[in-house]
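A.B. asks: Protein chains in written order, with this note's numbering: chain A, 1183 to 1520; chain B, 1183 to 1520.
Any given hint could be a false lead.
Chain copies aren't distinguished; within one or between two, either way the pair holds.
Said to hold, decoys possible - Once the Cα atoms are required to be at most 27 Å apart in a straight line, the calculated BS3-like pairs of lysine-lysine come out as:
#1 1268 - 1502
#2 1292 - 1268
#3 1392 - 1288
#4 1502 - 1292
#5 1394 - 1482
#6 1320 - 1392
#7 1394 - 1359
#8 1278 - 1288
Calculated directly from the structure, the hints in this document are not laboratory data.
2 protein chains.
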Amino acid sequence: MNKRVFLGLMGILAAAAWAAAADPLPSWNDGAAKEAILQFVAGTTTEGSPDFVPPAERIAVFDNDGTLWAEQPMYFQGLFMLDRVKRMASQHPEWKEQEPFASLLKGDLKTAFAGGEAAVGRLLMTTHAGMTSEEFEKMAADWIAGARHPKTGRLLTEMVYQPMLELLAFLRANGFKTFIVSGGGMEFMRPWAERVYGIPPEQVIGSSIKTKFELRDGVPVLVRMPESDFVDDGPGKPVGIQMHIGRRPVAAFGNSDGDLAMLQWTAAGPGARLCLIVHHTDADREWAYDRESHAGRLDKGLDEAAARGWTVVDMKNDWKRVFVFEAEQLVRPDSGPQ
Amino acid sequence: MNKRVFLGLMGILAAAAWAAAADPLPSWNDGAAKEAILQFVAGTTTEGSPDFVPPAERIAVFDNDGTLWAEQPMYFQGLFMLDRVKRMASQHPEWKEQEPFASLLKGDLKTAFAGGEAAVGRLLMTTHAGMTSEEFEKMAADWIAGARHPKTGRLLTEMVYQPMLELLAFLRANGFKTFIVSGGGMEFMRPWAERVYGIPPEQVIGSSIKTKFELRDGVPVLVRMPESDFVDDGPGKPVGIQMHIGRRPVAAFGNSDGDLAMLQWTAAGPGARLCLIVHHTDADREWAYDRESHAGRLDKGLDEAAARGWTVVDMKNDWKRVFVFEAEQLVRPDSGPQ
């Protein structure tokens, strides 16, 4: 082959390699969801585009449970709570006769949680309050370092959705500031959100309990009090966003009715918006649930997404790979047998 | 002159120009305060230094009133409150006979504020609640665009300390993330803090009132409720820092006893720390006040700064220039007559 043909061929190969390397969302199958993300980012970051958003206003908010990591068979913070109760039980012999502790320690979760919100609240306050913020941070960090999923046996921090990690990175590479806005405990997420999601503590918004400043023998501490301060769920999410960010997001990502108000608040701003719901449709690789689920119920949100034309991710069909731990070759049916 | 001498001279001139241009704090006189700042930044940002702080942990928190802008003859948010009462008075004829409104409308502030915290609380709720967050943001932005200082006649946004703007910029240029942590209203500061200080809304922490999400004819709004939510002053400051940042600052800047807990919390962390108090000592260019002042009282803080070796800025002697509006040549005594 002559030199010109050779160089031409090299050029084509290089372009193909570049195109492959340049796909910012390799775990997303081509389809409406991926296209909506790519178009939104192109429009909001191209100067002169009618949809252009200045970098300072590129705020993207993500729910955590069911949106960035799994939430079945129960919210992972619930697993932390149960482990804490077991670990604390030896100091509390009285729990053998007190509900919800007694049932919980016998492994009878159904009876333990029969008390509803009051029972959960009591368990939360017992396990999440009464220590300093630094002690709690260490507790959560130590726990998550070894905590495994009851079904898959994987570390909980591996039960994270690979396509969403790619989306977070893609948005950040395009000047978006990414926030977590979760119903989960703010201080439960912060010790690991930076390592796992690349989201620093100051961009993690969540539910919280009251905290009090004290000098203990001259040493300042923040003491976690057994009293709810803020519930960052449902209509609390836009409130939490206003409190912590003070600017309306241009993109919001959720998976349940608890995210509906956040999506509505985001959608109602002027200019281009990306509102996206992760729909759990994959019983083989993950779980399939929506309108009837106890965790992450998605009912009104599904209707509103359809009515308003929001992007709904069909996990089964839109994602090549679900969890970060899945070997890539196993979940790339479009790349042929290997 | 021969070419070698010429080039040598050019080199010296260039180096001198570079050195002058490179002073990151030109409005600070040489002295202990400036030296402490320069040493802290050099130590925390030099890899291999025992004081090195990774970029993600370079959190610097600034009080606002009396630290970044003036606070005499009263907190500027108080001026906003008084203007709002006057503007709202025509809709409230009953105020002519109700305190604290009646005295306030007659210009008798002493009687109006005689009711103490309860009176101020009532004025605050009347003027700061009952509208949506977007309406309040516009109100604050419109007001600050034209609000002038009762003594200097300058725009309030010009009553900002030039040396502190330089300090903010210097820290940011060295990878620090700068936050406001103020007793003032979070939503009062956010509409202008980015333009004036380069601090985006998500890095403005302050006091707040409760906010509620509502759908009004299908349009989502956040409604400001007449109820205090969080007081970001005194022991509230470390709590606000934990809530919004979730990481202990390495540098804290204040000017009053309301900042003491924040300074203590910052100082108590491991490694290099910069704790700095702006001491108002300049009755000619600004105001001179400390232990007895009604606004920005600095009493315990002054004692603790001395005991702990914190940096105290003597405004009169440490600052060449106080306000951003001062012409530079007037306040550079060390540069000789011009």
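A.B. asks: Any of the earlier hints contradicted here, and which numbers?
C.D. replies: Violated: hints 1, 3 and 4.
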